Amino acid sequence: MAKTLTASKVAPGESGKKPSPRARPRAGEGIDAADMRLRVARRLLRFGVWDTDVATGRETWTPEIEEIFGEEPGGFGGRFADFLEAIHPDDRARFAREHAARVGQGYPEFSIDFRIVRRDGAVRWINSRGVGVAGPDGKVERHVGICIDVTASKESESALGTASAQIAAALKSSKLLLFRQDRDLRYTWVANPALGFQPTEVLGQTDEEILGEAEAKPLVDVKRRVLRTGLGEHREVRVRHGEREGSFELIAEPEIGPDGQVCGIVGAAYDVSDRRRAEADREAMHRQLQDLAAHQRDALEAERGAVAKDVHDQVGAMLTGIAMKLSAMADRATPECVELKGELEELAALTRSTLQATREICARLRPAVLDDLGLAEACRWYLREWERTSGIAATLRVGKLEPEPDDSRRIDLFRILQELLTNVARHAGASAVEVSLSSARREYRLRVADDGRGMAAGTRGGFGLSGVRERARRHDGRIDIETSRAGTTVTATLPIRSPA
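The sequence shown begins at 1 in the numbering used here and counts up one residue at a time.
Just so you know, these hints were derived from the structure itself, not from any lab.
Just so it is clear, the structure is predicted and the values come from calculations on it, not from any experiment.
Positions of the beta carbon are idealized from the N, C-alpha and C atoms, including for glycine.
It cannot be assumed that every hint is accurate.
Okay, the calculated beta carbon distance ranges per label pair [claimed, not checked]:
1. Asp298 to Gln198: 51 to 59 Å
2. Asp259 to Ser156: 30 to 38 Å
3. Ala349 to Arg388: 19 to 27 Å
4. Pro63 to Ile256: 43 to 51 Å
5. Gly75 to Ile256: 17 to 25 Å
6. Ala122 to Gly230: 46 to 54 Å
7. Gln261 to His88: 47 to 55 Å
8. Pro403 to His286: 56 to 64 Å
9. Ala100 to Gln198: 41 to 49 Å
10. Pro258 to Leu231: 53 to 61 Å
11. Gly204 to Arg478: 51 to 59 Å
Working from the sequences, and respecting the hints, build out all of it.
Structure below.
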């Protein structure tokens, strides 16, 4: 049955109680006071009252409705058609249909939102609500209600809806998952679930139920710790579900209930799977480049060794033979050939000088002492030559090398020494260098310390040091640099055996 109000009149004293003389108002005083309070309420709450006489169809508006609709005082025609004319064209048919339905249903209580177009062209949102008022015979005599300008609320709702849609779109195109879980770690809200899940597959479920107990353990351990300690956590976790897997930066914060206790978890998870895959690819490429560089260095060392051996054995032997032949020819020259003898002796001396230069070149390409006598003697020989050519005092301390480095480590430690001493000669401005070579704690250690001006931070990654680092890195070693105004110490540490 439609809900209506019944208008009734109660005669004085009809309640059976005699009014107190002190409480009895003067004639009209109660009605005036109530009317005044209603007017104040309408003004403060910005609503107007409308009243429709069902029998005549005549509508009455309070001034507040005229103000809301942009009408001059008394400008409303008082007919339903006049009211309908003010409604926005896009809402007019809908309003008329719903009004007709209300009439057919006996004017039940209703609430409807619609737009109007004021005389100044402004569009406003109105909420109108009302109810039928029945007379003494139970039939609806009047249709009474209010109109409220809800434009601000509608605009806020629209802005909120737009913002929500934008956030939803942004989330959908992002890799950010937002969620809320109760104390049982069941999902009560989720936005943009990961690994291809839909919200309906997640809501009401726990991580174990979704992923399986073993796969969910990294997630659950973090979340249970948050519930237990009441402290938020930020971790990276890896999650797998069937063929789908991913890495996520997880932020989990405790949700505090009205009683001050932890009642659940709110959090976010950012999918960093692509980043981790890119890092893995980059690392793999870097390793490939390192392997290629190491292969190139090995090939270069082999070529240098082969060239040095060929030049030493073949060219050296030929130059030795030429020098000996020239000396013999000079000795056999007759006294009458003094000038020829001098030229032969000069050619023999030049050949011996060429032979010595050839041997020095071969030593730089690949010192024979490195293969014949080992790393320590090769370092000792090279340091003497470097001191002679650079003019910088150099000392060497050699400890036990047990075992003797294999060919690859021996070559790289020797080349590291060469490159470090080259840097000292070119850049350090040093007057003295101390070199130490030893093995301890399953490591080979080569240290070069100079008393130069020190190394600026920006020069520590120069080409020379980059080569040094690469040589150490290929054996899982490291390069440590200590620098100050008193000079620079560079230490190369290589494990005796690389980790398997």
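Where does the structure disagree with the numbered hints, that is, which hint numbers, in rising order? 5, 8, 10
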